Structure formats: C-alpha cells, structure tokens
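Here the sequence shown is numbered in the numbering used here, starting from 38 and rising by one per residue.
Worth flagging that the hints you see were computed from the coordinates, not collected in a lab.
None of the values given here were measured: they were computed from a predicted structure.
Even glycine gets a Cβ: it sits at the ideal position worked out from N, Cα and C.
Where hints are given, some of them may not hold.
So the derived label-pair ranges between C-beta atoms look like this [said to hold, decoys possible]: (1) ASN66 / SER40: 29 to 35 Å; (2) GLU129 / ASP52: 18 to 24 Å; (3) GLU129 / ASN66: 16 to 22 Å; (4) GLY67 / LYS114: 19 to 25 Å; (5) PHE47 / GLU129: 26 to 32 Å; (6) VAL63 / GLN125: 19 to 25 Å; (7) VAL68 / ILE41: 16 to 22 Å; (8) GLY103 / VAL50: 15 to 21 Å; (9) GLY57 / ASP105: 29 to 35 Å; (10) GLY112 / ASN66: 28 to 34 Å; (11) GLU129 / GLY67: 29 to 35 Å; (12) TYR123 / ALA58: 30 to 36 Å.
The list that follows gives simulated cross-link-like pairs (lysine to any residue, SDA-like), each with its CA atoms no further than 25 Å apart [what the hints assert, rightly or not]: (13) LYS114 / ASN100; (14) LYS114 / TYR77; (15) LYS114 / ALA78; (16) LYS114 / ARG54; (17) LYS114 / SER40; (18) LYS114 / PRO46; (19) LYS114 / GLY45; (20) LYS114 / ALA55; (21) LYS114 / VAL43; (22) LYS114 / GLY103; (23) LYS114 / SER60; (24) LYS114 / GLY94; (25) LYS114 / VAL63; (26) LYS114 / ALA56; (27) LYS114 / GLU129; (28) LYS114 / ALA58; (29) LYS114 / ILE51.
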Amino acid sequence: MPSICVAGPFDHVIDNRAAGAGSTIVGLNGVRNVIFGSDYADSISGGDLGDCIDGGGGNDRINGRGGDDVLIGGGDKDTVIGSTGYDQCEGESLYSCETSIEH
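Produce the complete structure using the sequences and hints provided.
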C-alpha cells in the first residue's frame, strides 16, 4: 500500500504543489517536515528528524537527511537519498534509492 504524507498540528508544512517551475526546498531542523513538491524537477531536502517528503511530478532529487523518513518519488525518474535513519522510499520509476542505517 503506498504511503501518503499527512501533517499533524506540530509539523512544519511546505506545500509547493502549485509552483510553475522546479524549486529547491529545504526543510527545517528540530521539527518534522511534511513537504510536497511540484509537478516539475525539484530538489528537496528534509531536516534532522523523521520527515515525509512527496516529490510530486518531475525528475526530482530528494534527500531525507536525518531521522526515519518517508520519501515518495512519483511517476517520473527520481533520485532518492535516505541518508541516516531507517527510511522508506517509494515511487513508480525511481532512478535510484539509497538508504542507510547509522547508529
């Protein structure tokens, strides 16, 4: 079953779905980020906690950074990097998905 990003009352939400071009989006440290990318090629980085990032359309580059992240590519060729933590990568045609666990 595919994941979806749902924001809670204390989450930092960045909603870039209405953008008319690809963007660079960087989440905050110290909070859980819920980030939605555009239909274009975005570069999205999370923060140091467990984030939920949905790249949307376009050939995105997604980096979860710290924490246990949910990283959702989309229908195009996305590069997803989990970095530290136990990360979950999803997407219809991921170009690559690199995850690692560090203690």
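The hints, checked one at a time:
1. ASN66 / SER40: 29 to 35 Å: Given about 23 Å between the Cβ atoms, the range is violated.
2. GLU129 / ASP52: 18 to 24 Å: Since the Cβ atoms of GLU129 and ASP52 sit about 21 Å apart, the hinted range of 18 to 24 Å holds.
3. GLU129 / ASN66: 16 to 22 Å: violated, 30 Å
4. GLY67 / LYS114: 19 to 25 Å: violated, 32 Å
5. PHE47 / GLU129: 26 to 32 Å: holds, 31 Å
6. VAL63 / GLN125: 19 to 25 Å: holds, 21 Å
7. VAL68 / ILE41: 16 to 22 Å: Once the Cβ atoms are compared, 19 Å apart, the range 16 to 22 Å for ILE41 and VAL68 holds.
8. GLY103 / VAL50: 15 to 21 Å: Since the Cβ atoms of GLY103 and VAL50 sit about 19 Å apart, the hinted range of 15 to 21 Å holds.
9. GLY57 / ASP105: 29 to 35 Å: Hint holds: Cβ distance 33 Å, inside 29 to 35 Å.
10. GLY112 / ASN66: 28 to 34 Å: holds, 30 Å
11. GLU129 / GLY67: 29 to 35 Å: Since GLU129 and GLY67 have Cβ atoms about 32 Å apart, the given range 29 to 35 Å holds.
12. TYR123 / ALA58: 30 to 36 Å: Given range 30 to 36 Å: holds, Cβ gap about 33 Å.
13. LYS114 / ASN100: holds, 15 Å
14. LYS114 / TYR77: Cα-Cα ~11 Å, so holds.
15. LYS114 / ALA78: Judged against 25 Å, a Cα distance of about 10 Å means the pair holds.
16. LYS114 / ARG54: holds, 18 Å
17. LYS114 / SER40: Judged against 25 Å, a Cα distance of about 18 Å means the pair holds.
18. LYS114 / PRO46: It is violated: about 32 Å lies between the C-alpha atoms, which goes past 25 Å.
19. LYS114 / GLY45: Roughly 29 Å separates the two Cα atoms, so the pair is violated.
20. LYS114 / ALA55: Holds: LYS114 and ALA55 sit about 20 Å apart, inside 25 Å.
21. LYS114 / VAL43: Holds, because 24 Å separates the two Cα atoms, which is no more than 25 Å.
22. LYS114 / GLY103: This hinted pair holds, its Cα atoms lying about 23 Å apart.
23. LYS114 / SER60: holds, 16 Å
24. LYS114 / GLY94: Status holds; Cα separation ~9 Å.
25. LYS114 / VAL63: holds, 20 Å
26. LYS114 / ALA56: holds, 19 Å
27. LYS114 / GLU129: holds, 8 Å
28. LYS114 / ALA58: At roughly 17 Å apart (the allowed maximum being 25 Å), ALA58 and LYS114 satisfy the hint.
29. LYS114 / ILE51: holds, 22 Å
Hint violations for this structure: numbers 1, 3, 4, 18, 19, all remaining hints satisfied.
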